[in-house]
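Chemist: Protein sequences, first through last, are from chains A and B.
Under my numbering, think of the first position of the first sequence as 1, with each following residue one higher.
Under my numbering, think of the first position of the second sequence as 1, with each following residue one higher.
Don't read these hints as lab results, they were simulated from the structure.
We put the beta carbon where it would ideally sit given N, CA and C, even for glycine.
One or more of the hints may lead you astray.
[Stated by the list, open to error] Interface residues of chain B toward chain A, partial, derived using beta-carbon atoms under 10 Å:
1. Phe10
2. Ala19
3. Ala174
4. Leu177
5. Val191
6. Leu454
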Amino acid sequence: MEFWKKYGVSAGFLGCLFLGCAASFLMPDREFSQTENRYLQQKPEFSWEGLLDGSYGKAYEAYLGDQFPLRDRFVELKTGAERLLGKEDVNGVYFGKDGYLLEKFDREDLETEQMEKNLEQLAAFLETESCRLGEGRVRALLVPSASWILQEKLPFLAAPYDQGEITDRLAGLLGGDSLLVDGETALSEHREEEIYYRTDHHWTMLGAYEGYRAWALSMGFVSWEREDFERETVSRDFYGTVQAKVNWKTEPDRMERWTPGRRMEYRVFYDGSGESAEGMYTDSALDTRDKYRFYLDGNHGLTEIRTEGAADGDGKETGSGRRLCVIKDSYANSFVPFAVNHYETTFVLDLRYFNGNLGEFLEQEKITDILVLYRIPGFAAEESIWKLGRAVSYEYGTPVAKEENL
Amino acid sequence: MVFSSLLFLFRFLPAVILAYYAVPRRFRNGVLFIGSLLFYGWGEPVYITLLLFSTAVDFAHGKWIGHFLEKGRRDLARCLVISSAVINLSLLGFFKYAGFVTETVNRLTGAGLPVLSLALPVGISFYTFQTMSYTIDVYRGKARVQNNIVTFGAYVSMFPQLIAGPIVRYSTIAEELDSRRESREEFEAGVKIFLTGLAKKVLLANPMGELWMQVQGAAADRTAVMAWLGILAFGMQIYFDFSGYSDMAVGLGRMFGFHFPENFRYPYLSRSVTEFWRRWHISLGAWFREYVYIPLGGNRKGRGRQAVNIMIVWLLTGIWHGAGWNFLLWGCYFGVFLLAEKLVLGKRLEKIPAPLGVCYTLLVVFCGWVLFAHEELGAGMEYFRQMAGLGGVPLINDRTVYLIFTSIPLLMAGAVGATPAVSRAAECLNSYEPVRRIVPVFAAGILILCTAFLVNAGYNPFLYFRF
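Could you build the full structure based on these sequences and the hints that come with them?
Modeler: What follows is the structure in structure tokens.
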């Protein structure tokens, strides 16, 4: 005991250092981190050149950090300590009420030069296409993220950025909001329901449904009712990206599949594949960490969905010749299953992976309707929006036959 | 390498401690020398040559100065001191100030000289000052010539204080370099100081830095209150960062049997700016006093000359902190306050109640941090305007309230941590038997918590919605 009192601190200190050191040598290296969803740095190979130019030293430091023993537990400990000290947001995530984890966005996060450029490009695209395809054909739906819609769930005194300002700017550029779907109002009206995941940055299938209703209203056709679908819970242990940022255990999320009550036939082709996939839902994804890939098999550059028996909510068959193109980020993955019911053919196009000429594509595929669907923070930071410009500057040949009897 | 990293804590330090205590005493300086070179060169080995060059040059200069002094040739010895100073200052000047000077010349004359953009060798401002202190002290007869290049190398490159001080003058540790007694008691004391410093850096300075970053980022939502909060956070960050680093250096020194001078003595409790600078970065102030102010004549040549000397020292202190106009202005700013206190304010400050004196000092110092934090003078001025509520910024908004509300515990911890309250409380508790038993557990807890913060810094969830 005398020793402990006199030299305990150094004993404890050295104990921790040597233990940590030994453990990090002995523990097997991991190749992939499930929580972070990325490959971890592996042990760099020693070389004298590498040592002398510093690259070995840097890689080794990264390796030690990535492979540190109990790494995920340490992150949890740090988050816990910060929460204990009254922090309401850690690593850019609000600890909201009822177990909600919400991404924190401030003005400077969204109001960037990139966002200005994106808005201008989007406005030009919407105007050009609306002019070409006619009224009631082209829409943009920019969806606010959870922190703006679910303000009641935010921690005490949190002051999130008003994401409506970005939609307002777009309306300003367009000289009106007739081409914009008011997602904010539609979602706000249902904010008491589970429209966003608690642990992920996406909207739920229900949230997507409300977005779809707002879109249908704006386009002027009758949407399907909730009762027209069979809702089925496919997973009860979904932890999403927001949870990964803080590595904080909360209640996991529930994922749903919505299947139309009437008999519909879908044929789904990913990235120009000649073979039809089994459907718009990928069941195998539910066994992985990246469960959100369940919807539309994650992100593909181009997905084509052919629907047999496409009809509006009032049962009116929409017939052939109506072809939709959704230009989107992953928010659309759970939205598309609703949209496809109204179109004989739906193309889902992700600009991040689509490298063709958009104008040429729209013309060749005889697209009649366009929806641009993004989550606002994602849109603000998106670096591929410039590809819309290819359609703006494209010289369309034959004018599209406008269908009069919508 | 920095102390507050996993690499240092879980690779370098255990290895060095093991090697240091495993070898016989006469090889220990060698272990420190080699260890220090590894420490310095990790990640950027090129500049090791610079460190070795500096070591060799001053080692040789020291020997020759000693040689000439023995022969009674003070004039030649003097020439060598000057040569050593010129070489050291040229190194510093070239690597730290060349870019700044050419840019300034270009701006003034439009000469269009190519601007060098060299990565500043880490710690060069510290070790050049240390090696200069050696040759000067040898010349002055305050230090004996060091005849062992490994020992001298260990002094120059000594990893505990190599990159952020304290600036240890050669004469201070000359004896310990040649013969020192490590002991368990010293080691124990060293670990405690080191952990205090680590906690200051990781648990206080870094979160304060994050708060300052948030305020900096929120330029479009800035309010007057937020501007004050920001500069408060910056001032706290720089204090805990710097003093934490000094503590870690002192603590590591003790683990190896060295006693480095104290570098910070609760500066934010000073009652005047003069006192502040006697308690903030003490080793730098001491260096400038010893090697600039006093040689210039100090206060012995009349008031006018003293005023000039003070301004010279403070311009140099300012520019030492960084190659930029804002640092020069920052030094000048303090020079003016120190002069004013020397000439008129000093007497009055002694008479006012202590809390008022502290408030005055804090106001001056934190306004100074605005200059320090903004390398662009225009941005600094804009920040001042925002603090004053000018330029159309509101007094307060929701975002400011949220920032303050969520930072209250951190700010309180910072306020308490900047006073001796914590160490007094620790001393007090230490006299209770049961508490003493859990001190080691508490210390280990601090280390684990710091580790958690360091691990988190490298935690980058890869958000798959991007892919």
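Chemist: Checked against the structure, which of the hints given earlier come out wrong?
Modeler: Numbers 2, 3 and 4 - these are the hints that the structure violates, sorted from lowest upward.
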